[in-house]
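The listed protein sequences derive, respectively, from chains G and E.
At position 77 of the first sequence the residue is numbered 77 (the working numbering), and the sequence of numbers has no breaks.
At position 19 of the second sequence the residue is numbered 19 (the working numbering), and the sequence of numbers has no breaks.
Honestly, the hints are just simulated from the structure, not real lab data.
Here the structure is a predicted model, which is why all the values come from computation and not from measurement.
All the pointers check out, no bait thrown in.
Given that identical chains are not distinguished, each listed pair holds provided it fits within a single copy or across any two copies.
In silico DMTMM-like links for lysine to aspartate or glutamate, alpha-carbon gap of 20 angstroms or less:
(1) K321 x D287
(2) K313 x E219
(3) K305 x E219
(4) K182 x E62
(5) K182 x E199
(6) K48 x D28
(7) K91 x D102
(8) K305 x D222
(9) K91 x E142
(10) K313 x D222
(11) K99 x D113
(12) K146 x E62
(13) K153 x D88
(14) K311 x D286
(15) K146 x E199
2 protein chains.
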Amino acid sequence: MKTTRAQNYVIALLAVIAFATPAARAADPLASWNQGPAKQSIVAFVEKVTKPGSPDFVPVPERIATFDNDGTLWAEQPMYVQVYFVVDRVKALAPQHPKWKDREPFASVLRGDMKGALAGGERGLMEMVMATHTGMTTAEFERIVKDWIATAKHPGTGRLYTQMVYQPMLELLGYLRANGFKTFIVSGGGIEFMRPWTERVYGIPPEQVVGSSVKTQFELRDGQPVLVRLPALNFVDDNAGKPVGINQHIGRRPIAAFGNSDGDLQMLEWTAAGSGARLCLYVHHDDAAREWAYDRKSQVGRLDKGLDEAKAKGWTVVSMKDDWKTVFPAVK
Amino acid sequence: MKTTRAQNYVIALLAVIAFATPAARAADPLASWNQGPAKQSIVAFVEKVTKPGSPDFVPVPERIATFDNDGTLWAEQPMYVQVYFVVDRVKALAPQHPKWKDREPFASVLRGDMKGALAGGERGLMEMVMATHTGMTTAEFERIVKDWIATAKHPGTGRLYTQMVYQPMLELLGYLRANGFKTFIVSGGGIEFMRPWTERVYGIPPEQVVGSSVKTQFELRDGQPVLVRLPALNFVDDNAGKPVGINQHIGRRPIAAFGNSDGDLQMLEWTAAGSGARLCLYVHHDDAAREWAYDRKSQVGRLDKGLDEAKAKGWTVVSMKDDWKTVFPAVK
Numbered sequence: 001m002k003t004t005r006a007q008n009y010v011i012a013l014l015a016v017i018a019f020a021t022p023a024a025r026a027a028d029p030l031a032s033w034n035q036g037p038a039k040q041s042i043v044a045f046v047e048k049v050t051k052p053g054s055p056d057f058v059p060v061p062e063r064i065a066t067f068d069n070d071g072t073l074w075a076e077q078p079m080y081v082q083v084y085f086v087v088d089r090v091k092a093l094a095p096q097h098p099k100w101k102d103r104e105p106f107a108s109v110l111r112g113d114m115k116g117a118l119a120g121g122e123r124g125l126m127e128m129v130m131a132t133h134t135g136m137t138t139a140e141f142e143r144i145v146k147d148w149i150a151t152a153k154h155p156g157t158g159r160l161y162t163q164m165v166y167q168p169m170l171e172l173l174g175y176l177r178a179n180g181f182k183t184f185i186v187s188g189g190g191i192e193f194m195r196p197w198t199e200r201v202y203g204i205p206p207e208q209v210v211g212s213s214v215k216t217q218f219e220l221r222d223g224q225p226v227l228v229r230l231p232a233l234n235f236v237d238d239n240a241g242k243p244v245g246i247n248q249h250i251g252r253r254p255i256a257a258f259g260n261s262d263g264d265l266q267m268l269e270w271t272a273a274g275s276g277a278r279l280c281l282y283v284h285h286d287d288a289a290r291e292w293a294y295d296r297k298s299q300v301g302r303l304d305k306g307l308d309e310a311k312a313k314g315w316t317v318v319s320m321k322d323d324w325k326t327v328f329p330a331v332k
Numbered sequence: 001m002k003t004t005r006a007q008n009y010v011i012a013l014l015a016v017i018a019f020a021t022p023a024a025r026a027a028d029p030l031a032s033w034n035q036g037p038a039k040q041s042i043v044a045f046v047e048k049v050t051k052p053g054s055p056d057f058v059p060v061p062e063r064i065a066t067f068d069n070d071g072t073l074w075a076e077q078p079m080y081v082q083v084y085f086v087v088d089r090v091k092a093l094a095p096q097h098p099k100w101k102d103r104e105p106f107a108s109v110l111r112g113d114m115k116g117a118l119a120g121g122e123r124g125l126m127e128m129v130m131a132t133h134t135g136m137t138t139a140e141f142e143r144i145v146k147d148w149i150a151t152a153k154h155p156g157t158g159r160l161y162t163q164m165v166y167q168p169m170l171e172l173l174g175y176l177r178a179n180g181f182k183t184f185i186v187s188g189g190g191i192e193f194m195r196p197w198t199e200r201v202y203g204i205p206p207e208q209v210v211g212s213s214v215k216t217q218f219e220l221r222d223g224q225p226v227l228v229r230l231p232a233l234n235f236v237d238d239n240a241g242k243p244v245g246i247n248q249h250i251g252r253r254p255i256a257a258f259g260n261s262d263g264d265l266q267m268l269e270w271t272a273a274g275s276g277a278r279l280c281l282y283v284h285h286d287d288a289a290r291e292w293a294y295d296r297k298s299q300v301g302r303l304d305k306g307l308d309e310a311k312a313k314g315w316t317v318v319s320m321k322d323d324w325k326t327v328f329p330a331v332k
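Chain G extracted, bound-state conformation (with noise of 0.2 angstroms):
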């Protein structure tokens, strides 16, 4: 049979499957995973979600699962990560405030007193989000972020912060997209923040990215269109926001939802609350050793009710120190 260019690219690929599929099945997708409870949960919710004719299959459109990113997918500790962002923001951009040096929380952080610059709570971090990112277009925003992310790195471990993700979520993402899921992040984070790395990093393109965001406002600049970042909060994606921003965004409820604090506690009721089958599960960070030990009382990603109600609820909760073989990913 003379074969034409398209039964000649089958017939390569289905070499290449032939060969491939035997080790591929023989791998296990979550290999930093230890056996238990907690990994059990996960592959027992994949398998009757995706098995057909099962009285809990779901088919593929509807397979969404989301995740929180901070504590979730990355290390928060010391401090969120976009904290600091803004400290090297604001360093970077006090010589053209001079009365920055004189003015708190600015003068702090330009102090290196990163104790006095965090004392005015939330309101001074946001009034130093404001100076830091807005002002500039959404490309320069963009640039600025790529910049960043590529040679910053952790105080305490010395990793560049994408190094500081989980090794066995990342494991997960896969695991899930390799079962027809469609992964999305929902943080309280900001959305453009995270957009520039996290295709990358998480093998997550910008459109599934949901976070907190200033308003944009469209402007022709020299006959070109720009988008202006205004000093104006959009939307807060944290706490009750994450169902209305998973709403907004996605437009469907998940049916999993994986995060590791109070402020994702409602993003797991929103989820939980659908028929069918759910996946609703907490990363612990029970593990001093190799990651951070926080919970209850912790000023960053604490986790109070949300352990209580996952308790109560039987929502799968993962230790770190137990549940995960590696904690982060080797370092090329």
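Given the coordinates of chain G, work out where chain E should sit on it, guided by the hints.
Just chain E now, with coordinates in the frame of chain G:
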């Protein structure tokens, strides 16, 4: 050789593709488009951005295409479909609002006087939108839209509104998707008015619909989480709002954009301003015999500035009369 189940599956797949491919090739994916400059510009664009090695090649994740809805994917004359929905909802809810019969614009609607109902302009219309689109949960509103769209018919043609979609545009959506594009709706219409049916009618899932919205609020009702639709505008996705909505939801610039009115102009400008190959296309309603003919002076879907800019910039302008073999799909 003993074959595994995976290999058997691939062999079956091979057989299907081997026989299906020549036929699929022979069929024109844009069969309802007449040969001409519009069709040519579409095909030439898709071929150059998808051809590996071409200087205009665009990787699959960046193949973002945005479509206006009213007047671009479905008819908008003599009034936007959502206005008919508002009218029907006012009638349905009138028994619960006895005062409406003495209050404009409700009174005119209830008398069947559409001209009087719209005399109050945007403000009067917005009052009716808020009265009919808010105060319920998102799930309740979805049900209302689904029930309405399943049976509501166009007053002029007697077709279901979902049969007032443009066959050539359905083919264009499919052609782009077959070439690795992700297709989005970016409409001034209500995001939650579109999502319940866009997947079925256009193959566009809820997470790829951008539109205008009201604010929503997360609440626990008898322990059950719900999102309540509030009588407050959240976002108007029209004119300069379209690039803002695109940035907020998609987070990257489209390489192709499709509209029919001045309300789409900024979306087309935003799309055109990116580097690399771009396709900006206006559907021009010039077919009074098969659809409607209107442009510079129309109250609904005015195309005036946009038509000038399209000519000045060499964007594609589709003549419904000359470029489309058929307008609406055959009704089964």
